[in-house]
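Novice: If you read the sequences in order, they're chains A and B. Mapped onto our numbering, the consecutive letters of the first sequence carry residue numbers 1 to 765. Mapped onto our numbering, the consecutive letters of the second sequence carry residue numbers 1001 to 1194.
Keep in mind the hints are simulated off the structure, nothing from the lab. Don't take every hint at face value.
As the list claims (entries may be wrong) - Here chain A is said to cover these stretches of chain B; the calculated rule only asks that three of the stretch's residues, wherever they fall, bring their Cβ under 8 Å from a Cβ of chain A: (1) 1004-1011; (2) 1019-1027; (3) 1091-1101; (4) 1114-1123; (5) 1146-1156; (6) 1164-1172.
As the list claims (entries may be wrong) - Chain A residues, not near chain B, derived (Cβ > 12 Å throughout): (7) 104; (8) 285; (9) 287; (10) 537; (11) 600.
Ideal Cβ positions, reconstructed from N, Cα and C, are used throughout, including at glycine.
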Amino acid sequence: MAALTLNTDRQLVRLFSLLPLILVCLVLSIVGAQANRLADISPNVSYVSPNDMQRGALLLKGKEPGKFVEAPVLATDVDIQVTGPTGRTRVTQRFENPGEGWVEGIYVFPLPEDAAVDTLKMVIGDKVIEGEIKEKVEARRIYEEARDAGQRASLVEQERPNLFTNSVANIGPGETVIIQIEYQETIRQSNNTFSLRFPMVVAPRYNPQPTIVHTVDIDNRNGWGVIDPVPDRDRIEPPVQHPDDGPINPVTLTLSLDAGFPIDRIVSHHHEVRIERGERNATLTLKEGDVPADRDFELTWTPEEGSEPTAALFRETWKGEDYLLLMVTPPYGEEAQTAPAREVIFVIDNSGSMAGESMPQAKESLLKALDRLKPTDTFNVVRFDDTHEVLFDTSIRADRENLNVARRFVRSLEADGGTEMLPALQAALNDPLNDTSRLRQVIFLTDGAIGNEQQLFEAIVDQAGRSRLFPVGIGSAPNSYFMTRAAEMGRGAFTHIGSEAQIAERMKELFLKLENPAMTDLRLVWPDGVEAEAWPTPLPDLYRGEPIVLSAKIADGTEGTLRLTGKAGDDVWVIDMEISDEAPNRAGVSQLWARRKIASLEAARTMASGGGADWDAFDKEITEVALAHHLVSRLTSLVAVDKTPARPAGEELTQTEVPLNLPAGWEFEKVFGEPDAAAPVMQRARAGAVRSMLAAAPAPMMMADASQTQGIALPQTASEAPALIAQGIMMLLLALSLLAGWFLWMKRSSNGSLFERRPSFKWRW
Amino acid sequence: MRITPTFLLAAALGLTALGGWQLGQGLYMDAKAELAQTLLENAWDKSKQTGKPVKAWEWADTWPVARVTAPRVKGTAIVLAGASGEALAFGPGHLSNSAEPGADGTSVIAAHRDTHFEFLKDMQIGDAVELEAHDGESHTYIVDDLKVVRADASGIDPREPGKRLALVTCFPFNTTEQGPLRYVVFATAEEDLI
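So here's chain B without its partners, still in its complex pose (with noise of 0.2 Å):
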């Protein structure tokens, strides 16, 4: 392979394309986290007023069930309903097939590593956790386990008695793959710890 001027601009033009649009991909995907729980807030506290879910944009095939506050690390974020990957890009979603956020029985809310659940790296056993639930209500929960698991066996049983949170991310934190790995944040209401 002879290497000429004109194959060495090719392929410099190339890799800017390749890699401009790369990088403009992922700044997309980290603006849009971002922008979209500014947008859920207003759809959240309509929500809350009305008593109903509100859609934060036309097109949403997802609203907000809940808000989830980690006071000490000053984490906050409106999670939704559903975790596809769609819901997940813009926050933390409730998979749907675990309890309501607020009621009895484990509640699984997901988040992505790099956004919306940073935070969760940096709890520790005893902290508390906030949350909100669309019904307003407020509920208290202590963290009382910090586990890495498989995707695949969880060993979360959502109908065990008791009223449990289990807030979900990726394992490792500063890897760029993505793995079978999570780490979970397990935490017990305040009124069940007594």
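Chain A extracted, bound-state conformation (with noise of 0.2 Å):
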């Protein structure tokens, strides 16, 4: 027997020194069960590029199944002159029809969200025609009447401030139509850096989907009753073009810049471009020609030291009314020495739609940002896609090892499902510690690649409270309409991060901002008798290095000095302006104006919600003002119609939409999801990304549906349940006999019973 129990302990030693090696092999099993999903995975991957799709076979789907009709050829040229602080953009779209039947093109194009959209020019051989300002729906009508009636017609709409659709009706086989549409902007200056950007693509944005509110009283069929937070999804959802089928709406580009300044240093971010300069001035063209509409333009330039302008004056007459734009950088002084106590609360969109290079460069961000907290802060981390999570119960001390939970954190995120941006955002301006020690600041980081605006705007204006609101834009198109305005709103500040080397100098300015007092209670003083109408109103704070631009009309011939006053943290400061008759005299200062003073207006609008808010008083001088001033608004757009008819009677029209590229660094897979119900992973988001998208065109849709050669795809049907059960009862066995091997050491080694060595032990009540 003691033989016997000997020989079974040097088998059972032996048997657990291979104990490592049988770990290792149970490891690798799961691994490889895993490695067997993905490997499940990865043909629905490759499937989305169908082999026999050809190039150029851009197709849309017509209203009978089985016909196509070929979407239009866009090409874009752009040309862009900057004046000292103000630019003006002409972009020029050719559309080309490459198809046998009468066709209308529907362009969606994005714009500064400042643009002041002023010029709609229709050319059709030699012919010019020149489009007209007219109320939205009599536009409309215009169009579409001569739609209709077989005319040549353009309409350019308001989709959103930074998003406009360009429709052209009775384009012929083979012909083509050239649109000029052409718009004023003010130059952008923070920290002596002066920066334009030109948006070249629209990023499909999501649209969350229409809520469930009951099931009662509705249609038998399909039953559900909704609210539909995006009323106008079809409009802003154009169909994408895959990137596999090539990059399509080639665009060129030249630049010609007029600083007013010795010029140091000229960057096109994000292009690469020909400059040839002079002291003062430079022309830029882009080196390849010609790019696709993938990612937006940006060039940023500085003046040579010593030759900082901190004040421009410019001044227009304009229908017996004189007009004034502004800007002026405060005196800053030293950096402060104290910074004050903070409580910064971190969000991050880990959404599908930041996938690509987006999501590296948020963490990246982010990261940055935790690095700067001191002790003395507070912080706490949101992350959202279509779910939110909050890192902590509430914001806590930013010591070492709450930061590195949180660097954790933010390290392991993925990006991937939807963009319900509202609920975390909420989560972010919730204040339950009301501690106003500390300056309360929001830093949201997302691409804001989202339709429902309007609701998130609501949300700033009833929640923000004392927080301040800082989005930082990231990825190469982000949304920067929904960032700049979410800014004012929240009385922050809009940084955006277009690539990975942005990074460092744009965190570097965000925190110049997040860690200076803002300047705040500006307030203008217009020299005494004189009546003027200044916008924005009322001024917004400024952060550190940012200049105050400002608007303004005036009886002609007004003379006098301006004075501005503010404060930054207890220090009050003046600023006094001469406004001379002898300013420089500058195009289209009158329609910045008409521009700015729209934009407040739809401010005022959004902040008036509630139920005495006078909606219609607000519309009605914003279309006084935009028909006035020639400019495409919410309420307004351009129209222009030739009166030859051009289509022969009895010939059909057929609607198309012109097709995007998806911006750069953007996957189409996280985006739209694989093609049809391939695998479930993410079905929740994508399903609402693909549908609403397929709805979109009311007849036609994008032909990237493969199902004609491949057949539909077919989901993942096989549960992970199985293989659970069997790994968990393989290793409770492994442990029962690990057990035993244990219980029987113990045995040996006590010699005898393993309870006697511990006499000592008891059971304690």
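Work from the hints to combine the two standalone chains into their complex.
Specialist: Printed below as a string of structure tokens:
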């Protein structure tokens, strides 16, 4: 018996020395099972690019199954003239119909969010037709009548302040129609860097699925009643070109810059450019000639040291009134000695639209910001896709331990799912501590690829309280209208990070704003007896390095001294400015004034939510200003009609949308999912995107649907349950044998009974 | 590496925890699949009475759209809208990009091979499949083809003329791995066969 025990023990010991090997095998088998799952998903990914799809076969599905319409081909030329603090841009779009039938092209295109669109020209052959400004409804009626009568017509409408559509009716077979759109904008300035952005692509927006409200008293067949948060979703969701089909919409761009001061550096951030430069001016062209419209063009320039302008004044006389454009950078003095204590809430978007280059950029920016926190600060982190998660119960001290927890959390984030921004924003603005000894700052890292801006603005207005909102736009095509407005309403500042290379510099600028007291209580004092209408009203708070940009309308020939006052921390400062009749004249100043007035009225209209709000009064005023200054707005559109009928009666007209490129760095599969009902991993988010996308085009849809040849894709139909159960049982058996081994071992080393060795052991209750 | 009793005990406990968790997860998934069908029965009855989609539970993001029955092999299940992973955990899912259940075209219904569509492996050509659509009307299909296909090349065109049904599950049946192959039972409406 003793011999037997000894023998068994030795065998056991030998067995246990094999233990590490067994464990390794077990781990490998689990990894193997996971790898199998991955292998299962990958065929679906490659499935997206069917080889039989020819380049250029960009077809849109027609009204009847099996019939296709060739999409109009579009080329864009952009000509930008920058003079001092204003820019005028002419966008020329050439629509070409390669097909056999008559088509109506609808092109969705972005413009800077403060663009004052004032000119539309339609060129057919050698004829130029000027567009007229009309109220939106009337413009649409004129356009539709012309379209139905077979006349060539063009209509430019604003969908969002930074998103426009151009509809062109009756482009004949093989015909080309040229549309020119012109707009005015102000040049951005921050910390002595001047910048201009020309957006080239509309990022597909995540439109939250309609919320299910109730099921009674509605259509018997499909049942659900909805309140749709994106009432115009079908208008802002053009078809998107799959990247494998090659980029479309080539763009050429030239820019002439007359800075008004000696230029030090000119940088094009996302495109290679050829620059010819003088001391104060420069001409730029894109190096590659024409580029696909898949990333925004961004140019910054800085003045030579010692010649930084701190003020600018331009004037225009228009219809018997004078308009001013005024820029002042207040003196900021030394950096603040003691930074105010802060409570910082970081919100990071890890939705599917952030996949690709954006997610690492957002993470790195956030990690950098975490490094800047001082132990006296408090902080919290919120992440969101179609769900959201708050890291700590409430804001906690930024000590090393907590920061490490946050860093790990941030590093582990992956981009997937939809973009339900509202709950995350509300969670971040919720301020239960109300610790007024600290500045409360919400830093919001996102691409803003959402369509329910209005809902979010309302949340900011209602719930921001003492929190300041600092949106950080990530990626090659962030929704800068949303972010600029959100920053304005949240009394913070907007930072745009377009590429990896910009992170360090842009985040540094942001930290400067975050860690120094803002300029508050800005006031304008006009000379006695001068009646002036100045926008924006009220003046926003300023952060370190930002200038005040002001537009005003005054009586013709007014002169005098304008006084600006404000507070930086506890210091009060005053700037006096001479308004002289001699100020340089600049065309377009009046339109910038009108554009800013419209923006301010739109903002006031949003803020005036609630019962007694008189939205009609705002709308009436906006319409009046827009019509008077020939501007496209939410309520007015430009329409051009060539009275000569072009399409013979009886020929049919087909409506097609011009497909868009996906912004550079976006992953098609993450945004739209794999085609059809592929692996159900992120079905919920994707289903929303794809389905509403397909529903978007009234008749045509995109042809990336490969079911023609390969058949419908089938979902994963093996659950993990059997594998889990089998592995679980295996592990439990192994654990049991180990336990037996341990028991025997203990028994052996205690010469008999295991329990005799520890007589002092007793249960205590 | 020296093996000490403490290490052995720790490894045993660790494995117990991990194994217990995995077993629990697996059993939980199966139980969920079972239980959900009971809840879905109620929702389906209500939905037929009212003629409107009824969710089986408050937070469900799908709802019953049909019932599929294979009388000979005694298999039946309530079919849910959509074939997302979440829907498939509770019941067979109707692929939203295929034809409506009971309508013209090919309607595709997929389910897990270890639970709701376990009965597919016993089906034979000539078997009847009953499908009850959301309007309460009953449709009879006859199985006319059994096939193994790749998930990404199913060859099923939902717009093909004719009223057809495709019941899909994973293949092969008796493994625990998730693979790229699918087993499809094709059936054609009785009235189309005459």
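Novice: If you check each hint against the structure, which ones fail?
Specialist: Nothing - there is no hint that the structure violates, so all of them hold.
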